[in-house]
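Residue numbers (the working numbering), protein chains in the order written: chain G, 1 to 337; chain Y, 1 to 389; chain L, 1 to 267.
Do not take every clue at face value.
As the list claims (entries may be wrong) - Simulated pairs of lysine-lysine, DSSO-like, Cα-Cα distance not exceeding 30 Å:
1) L:49 x Y:50
2) Y:279 x G:302
3) G:171 x L:231
4) Y:51 x L:175
5) G:119 x L:175
6) L:229 x G:33
7) G:93 x G:212
8) Y:51 x L:80
9) L:49 x G:196
10) L:153 x L:49
11) G:302 x Y:28
Stated by the list, open to error - From the derived model, a few chain G residues whose C-beta atoms are all more than 10 Å from chain L:
12) 119
13) 176
14) 185
15) 232
Unchecked claim - Pairwise CB distance ranges, derived in the manner of DEER restraints:
16) Y:29 x L:68: 16 to 26 Å
17) Y:106 x G:303: 50 to 60 Å
18) L:153 x Y:274: 50 to 60 Å
19) Y:6 x G:319: 31 to 41 Å
20) G:303 x L:65: 32 to 42 Å
Calculated from the structure, these hints are not laboratory results. The beta-carbon is built from N, C-alpha and C at its ideal position, and this holds for glycine as well.
Here are the chains, one letter per residue:
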Amino acid sequence: MSIFADYKNLWVFIETYKGKARSVGLELLNPGKELARQMGESMVAVILGDDNQENIAAAFAYGADEVISVEGPEFAHYNTEAYTYAMEKLVEKYKPSTMLIGATIYGRDFGPRLACRLKTGLTADCTALSIDEESGNMAWTRPAFGGNLMATILCPNTRPQIGTVRPGVFKKVEADSAHKGNVIKEAISVPQDIIKTRLVESIQEISGEIIKLEDAEIIVSGGRGLGRPENFSYVRELAEALGAAVGASRAAVDAGWIPHAHQVGQTGKTVGPKIYIACGISGAIQHLAGMGGSDCIVAINKDPEAPIFSVADYGIVGDLFEILPVMAAEIKKLKNA
Amino acid sequence: MTDNFLDYQLMTEDQQSLVDMIHEFMSKEMPQELVEKNDREGHFSMDVAKKLGEMGFYAMDVPEQYGGAGFDCVTICLIREALGYYCGGFANSFVGQSFGYKPLLLAGTEEQKMEYGQRLANGEFWATALTEPQGGSDAVNTRTKAVKDGDDYIINGNKCFVTNGGISNLYTVSAVTGETNLRGEGISLFIVERDFPGVSMGKHEDKMGIRASNTTELTLQDVRVPAKNLIGPVNTGYQTMMKMLARTRPTGCAPALGIARRAIDLAIDYSRQRITFGKPIGKHQGIQFKLADMAIRLQTARNQMIYNATLVDQGVYDTVVGSITKAYASEAAFQICVDAQQIFAGYGYSKEYPLEKLVRDARIYSIFEGPNEVQRWIIGNRLVGKIKK
Amino acid sequence: MNILVCVKQVPDTMEIKIDPVTNTLIRDGVPSIVNPFDSYALELAARIKDETGGKITVVCMGPKQAEAALKECLAVGGDKAYLVTDRAFGGSDTLATSYILSCTVQYLEELSGEKFDIIFCGKQAIDGDTGQVGSEMAEHIGLPQITCIQDIKVEGDKIVVRQEMDEGYNVLETKLPAVVSVTKTPYEPRYPTVKAKLAANRAQITHITTAELTNLTVERTGLKGSPTKVKKTFTPQRKGGGTIIQEDAPADSAVKLVALMSGAALI
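Isolated chain G (complex conformation):
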């Protein structure tokens, strides 16, 4: 480790979208803080954007010791070339030992490009982070084989050690707006000729009334057991009663019953709500990979052997078409009481 004496500090990349920090970057400040403490180092939030003022404040509020801010119109929206260029310059100058990047679509585009440019190791889509006792290196734990196998990875011989971390696995700490720190403003301007890709337009499809899955406290999900697309009405009725978001298994999405944006699972979204209610979902490993971190899992399925019951805190073996409406009615009763 002594050869890396000049690499220090844990960086958390704060990804932004349309000027606002995504939740994942702020979530990573939570484990980042503890890991930095164990390493005896500081945690630095790194923000690239057009106007970072609000996001700098957010980074401090959620725990950053220090913030490096790079501002410029070329960073207003994610661009592989611009972000990789800027981050490379920052890494060259400051030599962080560790970097956490949210495993969003942009994060998983950015991470490998950067890691390759820096000729270092990147571990993707991590669900657990720790320090390896033996070596003092970061230990990155992540799912493989569709979630059937977990692997713990080390990057012992190169720096920085980089990992993309799955959104929703870690929770943001309580925001403390009084918490402030040092802001380093780095002026980096990206040469025009290295920008090869142009964003033509960014289309938002999820209508406002659908609560975003990643932020939802309660999710009611439907799967193949619903039988027909129309039967998502049972799921929506219960979701409405609970003020919950609507999710779906891959089977339901593949069958065209509901858009992909609702898919929870290894190739869909990872969610960690307070309550996850799985209706007519068998509980394939790939689905569990996406919701296994929920605080409380409720399963309703007519097959007593369904794997979902092995992870459920509460389970009903029975006909969801009879159960869901009664649940919705009971919940409405409670709310009105």
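Given chain G, put chains Y and L in place with the hints provided.
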């Protein structure tokens, strides 16, 4: 080689690829919900057929040089069996797509083989219209008449139970053109286009089984057909048909074995899950014996079919071997389905489970393409042979 | 269009089970398939070839058995296939793998005298699940990259793509040559035709080894060339021990569940 002894183990790599393609396609494109819907409504999924055809499964009976898939007989049997696994009705109509072409191979001109082969490759359907209300296997009783008129023939008559009658552009029609006798002379085969004036389809048959297969009546009223549409010389049609049937016996019953295989797979699955008297019924000897008999029937029927098909591929066309194949495989398939239904007990009788459809579908194979009585007659007759007076 | 599609042969992870006794993966009998995202990538490539003509080269880094995956690709649009295989490459992580593949790209371009216009990859392999090789290849070669695309259109010397986003989608464009990685597309991968399938069965797959890749530094491959190391693997822990409710009447079960949840202050 597969690890399931119920599979045919002597497939070549190509045959395995083709069978795998059928399974990959049909399991996706013809899910059970669609199979049941087609069965209820008596509907043939032409859109699915088109996709399958465009993959290269149209014109299976047409040799490559005439634009067809050019599969040998054994390969066609394996493909048809795989299709039957998903839906006997769909399989029956799909494999019948090029059925009307086959007499051309025996008696047609090169121009005919080429022209019509291309049309089949392009996805046109060609039905065979032989059976009439009063005469099926008894061809001497054919009443459809074709009267010469200059360079044409005028055809009048009624055909029934025409597979693909409602979806075909071409028909092979048998008609009386001369003195008919017990040797079948006096009958000719004609290629009739659907859009010839006077050609009309009758009602779609409301059948017990293979309901997804299209079956209609065909009426010919003063239909003018050019002489060039004759298949082979005039008055030789019946012999051509008989020779042709000797070559199609193995492929004809192949879908039935697919239906039977589906029944066995379902019965095995069910036997492992259904619990009575404290254990899965598959652990009761009575059920094991039943399943064993089903497996014995399937394997022996398939072996006979492949043997027959191999002979055909080697140019040996023996009517009797064909009749043995037809008689045995059709009855074996039906018995397998009935036994599977018995294993399912009450659920086997309910339309909510797939078994009763399999029984209904398998039933036809002992009836059409020459009922099994006729097959036995052919076999017995040959065995005893001519006795000198 | 001169197109390269990178594919991987993977176990069908939808079929993988865990041995309840040893808590290890049961890999026996799990069929090997072309990585599903690579199939989507090949479908997009085939659609471009349908429209503008051209050639599709398929390349796969793997053991000899991966030839089966390459043959499947030849049956659905691939024109030529290469297997990159060498014992020295065993144990390569994504940085090493992408390095090997970028050397392969250089080798193939020199061999044919033509550069690739578009290099397609699948978004991620369903066994490794890293999703890094495509981007790292782009960096090694020095090409622009667009990841997670759902659709692509060629317009002269550039491509316009639709990129999947959590909120909806982005439309991006870049000049060719470029590397793209493909997620689920609205187009189902095409079925092979009989002709293509039977021809693919007979195809000879050319192997590319360290002997051919004279531009490659072996130390940058295999375990030696991999900055990430696997410390350990384990099967995920099952939670277990929940409350199963199964009253006679489903309605009663529902009422009981809501009562339990409300009692636990969940709702």
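Hints, verified against the model:
1. L:49 x Y:50: 23 Å, holds
2. Y:279 x G:302: 22 Å, holds
3. G:171 x L:231: 26 Å, holds
4. Y:51 x L:175: Violated. Residue 51 of chain Y to residue 175 of chain L sits at ~36 Å, over the 30 Å cutoff.
5. G:119 x L:175: Roughly 26 Å between the alpha carbons, so the hint for residue 119 of chain G and residue 175 of chain L holds.
6. L:229 x G:33: 25 Å, holds
7. G:93 x G:212: 38 Å, violated
8. Y:51 x L:80: Cα-Cα ~26 Å, so holds.
9. L:49 x G:196: Status holds; Cα separation ~24 Å.
10. L:153 x L:49: 11 Å, holds
11. G:302 x Y:28: Between residue 302 of chain G and residue 28 of chain Y the Cα gap is close to 25 Å, so the pair holds against 30 Å.
12. 119: 7 Å, violated
13. 176: 26 Å, holds
14. 185: Given a closest Cβ separation of 28 Å, the condition holds.
15. 232: 18 Å, holds
16. Y:29 x L:68: 16 to 26 Å: 23 Å, holds
17. Y:106 x G:303: 50 to 60 Å: 56 Å, holds
18. L:153 x Y:274: 50 to 60 Å: Distance hint for residue 153 of chain L, residue 274 of chain Y holds at roughly 54 Å.
19. Y:6 x G:319: 31 to 41 Å: 35 Å, holds
20. G:303 x L:65: 32 to 42 Å: 35 Å, holds
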